[in-house]
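Fit chain B to the known structure of chain A by using the hints.
These protein sequences, in sequence, are chains A and B.
Each residue of the first sequence is one higher than the one before, starting from 347 at the first, in our numbering.
Each residue of the second sequence is one higher than the one before, starting from -8 at the first, in our numbering.
No lab work stands behind these hints: they were computed from the structure.
Possibly wrong hints are sitting among the right ones.
What the hints assert, rightly or not - List time: in silico DSS-like cross-link candidates among lysine-lysine, alpha-carbon distance up to 30 angstroms: (1) 637/A x 548/A; (2) 608/A x 0/B; (3) 425/A x 452/A; (4) 452/A x 0/B; (5) 608/A x 637/A; (6) 548/A x 645/A.
To be verified - Far from chain A, by Cβ distances over 12 angstroms, these chain B residues were calculated: (7) 10; (8) 22; (9) 23; (10) 24; (11) 25; (12) 130; (13) 135; (14) 153; (15) 156.
Unchecked claim - Okay, the calculated beta carbon distance ranges per label pair: (16) 6/B x 379/A: 41 to 51 angstroms; (17) 614/A x 138/B: 31 to 41 angstroms; (18) 166/B x 624/A: 29 to 39 angstroms; (19) -1/B x 584/A: 38 to 48 angstroms; (20) 25/B x 533/A: 56 to 66 angstroms; (21) 159/B x 609/A: 34 to 44 angstroms; (22) 431/A x 163/B: 49 to 59 angstroms.
Beta carbons: idealized from backbone N, C-alpha and C, even for Gly.
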Amino acid sequence: MRRMGGCLAFALALLARQATAQTRTDERWPLDSGGSVRIMIPLGSVRVLGWDADSLAVSARLERRAGRFFAAGDVHVRKLGVDTAAGGAGADLEVHVPRGATVWVKAATANIDVEGVDGTLDLSSEGGSIRVLGTPQDVTAETMNGSVELAGGTARARVKTVSGDILLRGASQDLGATTLSGRIVVRAAGWQRGGTGVQRGKFESVTGDVRFEGEVGRGGVVELESQSGTIEVRVPASTVADFDLLTIGGRITNERGDAQPKQRATGTGQELRFSSGPAGSGAQITARSFKGPILLGPK
Amino acid sequence: MMCPHMEAKLNEYVDGALAAPDRASLEAHLAECAGCRAAVTELRSLSAATATLPRSIEPARDLWTGIAGRIGKRETGYGKRFSRGALAAAAVLVIALGVYRLLSPFTAQYRPAEGGVGWAAVQADVDRATEELSRILAAERDRLRPETVALLERNLAVIDAAIAESRAALARDPANAELHQLFSAAARQKVELLRWAARAAAS
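Isolated chain A (complex conformation):
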């Protein structure tokens, strides 16, 4: 009887171990310093790290029912990922790529995390969050309800969410962010942190708040637009710019100077137009809102 009980306990322990078992895969291939990597991971997480080596290394941890890890390609292009059936479990990938690589990631609910990659990034997730840290040349990031954070600086970034929040911080030049109901926050660094300020920025929401805080480059153009969210613009007192703010059903508050908004001559709404230097000599900042308030203030 005691022996039977022991066997039963052993069998149960074995089953429990199998139920929680994970598969681990470690692989490494040569890859050009400017090569391309395509990663497909439906569930779980993927972390992409740039390194100073002409090779691609993957460490994959697959839960039971996570599916199968696959990889194919050559020294120029490599495609890898996890085949997960419907109802499957998640996988965690850590992928080291050459710093200058082009990286494309597609996920369903997996979170995407990229650090130290200087090449082009094209990242999309249906429901996961996207986080990029570093100075990639070009970033395209799309997620439906996950959040997006870009920190560091990029030459060009285009970010879209449906309901996820967007945070862009660092010394970037050309930024575009669109969301339906998420919140957009831009913290733009200027020359003190090695940047030139935003040269071109377009930030749009339907109901989400839009906040721009930081430096606009000389001659830079920043446009903010929202249907009903609050638009907040905070730039340093030294910024030379033409300001053009308009709301049809909301209110404009200016905490940055003496200029006050006035009722529009035609139609309804308020507008505030002024230059903080010789007109046309500096940056151009435009804000448009249908019924949300607009706040202009110092940084």
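Frame of chain A, contents of chain B only:
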């Protein structure tokens, strides 16, 4: 019936992107699996069909005729899923591109003095685009996760309310250029959202 785990490989095989050893093993599998052979035939016909799609699309008024014709030829049943999804994706792209290109230059150049006829046409095109995309999405929505469908419906309600507000304001103040710009932005967001969802469902 195609083996469910073979989808990615079959696509690469048809695209000619499969490495030689994988190709050999896949061909061996094809010799024994009628479902996967049928899927390869479908994929090849899909490639041929998509190759005939126009490479550039002008935002002409007759944009809808061709798309509607292609969408109208929808096929049903298992094995047609590949072509159904990809044709839907192609149609989504064509519609969104057409509307996007139609809206952006128009709003940039809009002058109230030019009259409301052009603007009415733009609004009608936006309505048609959203209708078509909604139709594609309705047909493919069972492929989306339930939480994605819920999110989509919630946000479509938000954007529809925003568009309705802009429309009402435009009806009161039709010469207001800023209102046109805001309406366009909201309409573009809706087209983008539908396009995104339809693409996610079709992929």
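Verification of the hints:
1. 637/A x 548/A: holds, 19 angstroms
2. 608/A x 0/B: Roughly 63 angstroms between the alpha carbons, so the hint for residue 608/A and residue 0/B is violated.
3. 425/A x 452/A: OK: residue 425/A and residue 452/A at ~11 angstroms, within 30 angstroms.
4. 452/A x 0/B: Holds, because 17 angstroms separates the two Cα atoms, which is no more than 30 angstroms.
5. 608/A x 637/A: Between residue 608/A and residue 637/A the Cα gap is close to 16 angstroms, so the pair holds against 30 angstroms.
6. 548/A x 645/A: holds, 19 angstroms
7. 10: violated, 6 angstroms
8. 22: At roughly 21 angstroms from the nearest Cβ of chain A, residue 22/B sits farther out than 12 angstroms, so the non-interface label holds.
9. 23: Label holds. Min Cβ-Cβ 20 angstroms, cutoff 12 angstroms.
10. 24: Given a closest Cβ separation of 17 angstroms, the condition holds.
11. 25: holds, 21 angstroms
12. 130: Fine: 19 angstroms to the nearest Cβ keeps residue 130/B off the interface.
13. 135: violated, 9 angstroms
14. 153: violated, 4 angstroms
15. 156: violated, 7 angstroms
16. 6/B x 379/A: 41 to 51 angstroms: This hint is violated: roughly 26 angstroms between Cβ atoms.
17. 614/A x 138/B: 31 to 41 angstroms: For residue 138/B against residue 614/A, whose Cβ atoms are near 40 angstroms apart, the range 31 to 41 angstroms holds.
18. 166/B x 624/A: 29 to 39 angstroms: holds, 32 angstroms
19. -1/B x 584/A: 38 to 48 angstroms: The hinted range 38 to 48 angstroms is violated for residue -1/B and residue 584/A, with Cβ atoms some 55 angstroms apart.
20. 25/B x 533/A: 56 to 66 angstroms: holds, 58 angstroms
21. 159/B x 609/A: 34 to 44 angstroms: violated, 21 angstroms
22. 431/A x 163/B: 49 to 59 angstroms: holds, 54 angstroms
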